[in-house]
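A.B. asks: Protein chains in written order, with the working numbering: chain A, 124 to 324; chain B, 12 to 200.
These are computed hints drawn from the structure, not numbers from a lab.
Be aware that one or more of the hints could be misleading.
[As the list claims (entries may be wrong)] Computed list of lysine-lysine pairs in DSS-like fashion (alpha-carbon distance at most 27 Å, straight line):
| hint | chain 1 | residue 1 | chain 2 | residue 2 |
| --- | --- | --- | --- | --- |
| 1 | B | Lys176 | B | Lys99 |
| 2 | B | Lys99 | A | Lys128 |
| 3 | B | Lys32 | A | Lys312 |
| 4 | A | Lys157 | A | Lys223 |
| 5 | B | Lys73 | B | Lys88 |
| 6 | B | Lys32 | A | Lys192 |
| 7 | A | Lys300 | B | Lys32 |
| 8 | B | Lys32 | A | Lys291 |
| 9 | B | Lys62 | A | Lys192 |
| 10 | A | Lys192 | B | Lys88 |
[Said to hold, decoys possible] Just a sample of chain A residues kept apart from chain B, beta carbon distances all over 12 Å, derived:
| hint | residue |
| --- | --- |
| 11 | Ala140 |
| 12 | Thr155 |
| 13 | Pro176 |
| 14 | Asp224 |
| 15 | Asp261 |
| 16 | Glu279 |
| 17 | Arg296 |
| 18 | Leu305 |
[To be verified] Reference listing, derived: stretches of chain A covered by chain B, where coverage requires no fewer than 3 residues with Cβ under 8 Å from a Cβ of chain B:
| hint | stretch |
| --- | --- |
| 19 | 285–291 |
| 20 | 309–320 |
C-beta atoms are modelled at their ideal positions from N, C-alpha and C, and glycine is treated no differently.
Chain residues, written in single-letter form:
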Amino acid sequence: MPKVKIPRKSTAVDMTAMCDVAFLLLTFFILTTKFRPQEVVAIDIPSSTAQIPIPDRDIMLFQIAPDGKVFFGLDDQPTRLKLLDRLSAQYSLSLSDKQKDAFRTLETWGMDIRSLPAFLEKTPAERATAPQAGLTIDTTGGNHQVEDLILFSRQENNMLRIAIKADKTTEYRNFDKLINALQNRKVNKFNLITSARAKRE
Amino acid sequence: MAEMNVSGGGGHKKDKKVRGKKMSTRVDLTPMVDLGFLLITFFMLATTFNKPKTMEVNKPAKDDIKKEEEPPIKMSKTATLMLGKGDKIYAYVSPDEIDETTQISLDSIDYSPNGLRKFIQRRQNEVQAQWGNKDDLFIMIKPLPSSSFKNIVDALDEMTINDVKRYAILAPNDPIDSLIALRAGQSRK
């Protein structure tokens with residue numbers, strides 16, 4: 124007897140289209156992504172109707188925590204190294220290559236410059252959790268640490284723009300101290316980082 | 012797709028039926044899709060989508076301040092906002108001439124559209140009526156040290172919203188300012 128075959132419908136679905144979509148999205152995300160930088164301290168920024176997006180490159184970022192501690196960050200790794208060289212000359216720090224490399228990958232930091240070597244000696248995991256005291260802004264005793272940071276960074280990269288990211292609840296006095304230091308170094312233009320808010324009418 | 016339907020056409024010869032099996036060119040794409048979505052998920056979570064915006068602030072250079080003070084602005088064209096603790100604003104308008112009998116009315120307002128915005132708009136209208144151009148209004152923003160960063164951003168933002176052409180951030184150094192700070196129980200230091 125001849126077999127009568129009932130053609131079975133395959134349950135396999137054509138995946139080509141889905142694959143196309145998946146990779147299209149993937150490409151989009153890869154191209155648009157900018158990794159969230161490691162946060163030393165949580166900062167809740169205020170919102171404003173300002174529409175200017177923050178530039179991608181050449182940024183010197185000061186972060187002010189709610190308690191007034193100030194943190195410093197440069198986006199560009201070669202400039203960070205040059206800055207470190209200048210700082211170690213000014214504050215007579217002696218740093219090993221390993222410590223320099225640790226500084227190169229340091230996104231944000233805030234402490235007295237003289238305590239940098241000890242901090243850089245730590246393992247990356249220890250650094251992530253170690254408490255930081257904030258930059259020394261006080262200028263008592265001819266100590267101009269923040270001003271040196273500003274001056275040296277700008278000398279090494281004259282395209283640098285200054286951005287200030289401060290917490291909503293930070294008291295104005297902390298902000299004012301930083302502005303004062305900036306103005307002492309003839310920086311009169313800076314960007315306050317805010318999140319976008321719809322324009323209310 | 013690349014399959015041909017070889018349903019018997021009726022009068023074909025029987026020996027033609029025996030053919031070498033064609034290998035399908037189709038590949039199972041399921042694992043590739045899996046991988047694709049896995050990576051998408053990763054990038055979606057790792058990405059920062061909302062790029063923060065910036066507000067540009069220009070302060071006069073410290074050396075220039077003295078030069079700018081030479082042609083004093085008429086006080087009747089100005090308004091002063093003192094930003095205080097607890098999201099309060101003390102707003103006042105001082106007259107051109109001040110002597111001991113001068114009375115200055117002080118508004119205590121907040122950052123809501125009914126507070127600060129109303130005050131600015133009212134002042135713009137007054138300057139418009141008196142001087143014929145509302146852009147003559149000069150707003151002095153004087154943050155007390157105990158006000159928050161959000162306050163200064165909100166105040167600057169309000170300048171943009173109301174299209175105030177001339178404003179400045181100043182230290183609260185006036186005798187009037189000290190009086191207000193004292194009365195409000197907020198230190199200038």
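A.B. asks: So, for every hint listed, does it hold in this structure?
C.D. replies: Hint check results:
At most 27 Å may separate the alpha-carbon atoms for a hinted pair to count; Lys176(B) and Lys99(B) meet this at roughly 23 Å. Between Lys99(B) and Lys128(A) the CA atoms are separated by roughly 85 Å; this puts the pair beyond 27 Å, and the hint is violated. For the hint pairing Lys32(B) with Lys312(A), the CA-to-CA distance comes to about 75 Å; that exceeds 27 Å, so the pair is violated. Of the pairs offered as hints, the one joining Lys157(A) and Lys223(A) holds, with about 25 Å between alpha carbons and a cut-off of 27 Å not exceeded.
A distance of roughly 24 Å separates the Cα atoms of Lys73(B) and Lys88(B); the hinted pair therefore holds under the 27 Å criterion. Pair hint Lys32(B) plus Lys192(A) does not hold up; C-alpha atoms about 75 Å apart against a cutoff of 27 Å. Restraint check: the Cα-Cα separation between Lys300(A) and Lys32(B) comes to about 82 Å, which exceeds 27 Å; the hinted pair is violated. Taken as a hint, the Lys32(B) and Lys291(A) pair is broken in the structure, with Cα atoms around 72 Å apart against an allowance of 27 Å.
Pair hint Lys62(B) plus Lys192(A) holds up; C-alpha atoms about 24 Å apart against a cutoff of 27 Å. The suggested pairing of Lys192(A) with Lys88(B) is violated, with an alpha-carbon distance near 39 Å, which exceeds 27 Å. Taking the minimum C-beta to C-beta distance to chain B, about 9 Å, the non-interface status of Ala140(A) is violated against the 12 Å cut. With a least beta-carbon separation of about 7 Å from chain B, Thr155(A) fails to lie farther than 12 Å from that chain, contradicting its non-interface assignment.
Against the 12 Å criterion, Pro176(A) falls within the reach of chain B, whose nearest CB is about 5 Å from its own CB. For Asp224(A), the non-interface assignment is confirmed: its Cβ lies about 24 Å from the closest Cβ of chain B, beyond the 12 Å cut-off. For Asp261(A), the non-interface assignment is confirmed: its Cβ lies about 15 Å from the closest Cβ of chain B, beyond the 12 Å cut-off. Consistency note on Glu279(A): stated as away from chain B, and its beta-carbon is indeed over 12 Å from all of that chain's, at 23 Å minimum.
Under the 12 Å C-beta cut-off, the non-interface status given to Arg296(A) relative to chain B is violated; the minimum distance is some 4 Å. Distance to chain B contradicts Leu305(A) as a non-interface residue, since its nearest Cβ pair spans about 9 Å, not more than 12 Å. Remark: the stretch 285–291 of chain A is confirmed as covered by chain B, as 5 of its residues place a Cβ nearer than 8 Å to a Cβ of that chain, reaching the required three. Remark: the stretch 309–320 of chain A is confirmed as covered by chain B, as 10 of its residues place a Cβ nearer than 8 Å to a Cβ of that chain, reaching the required three.
When held up to the earlier numbered hints, the structure conflicts with 2, 3, 6, 7, 8, 10, 11, 12, 13, 17, 18 and fits the remainder.
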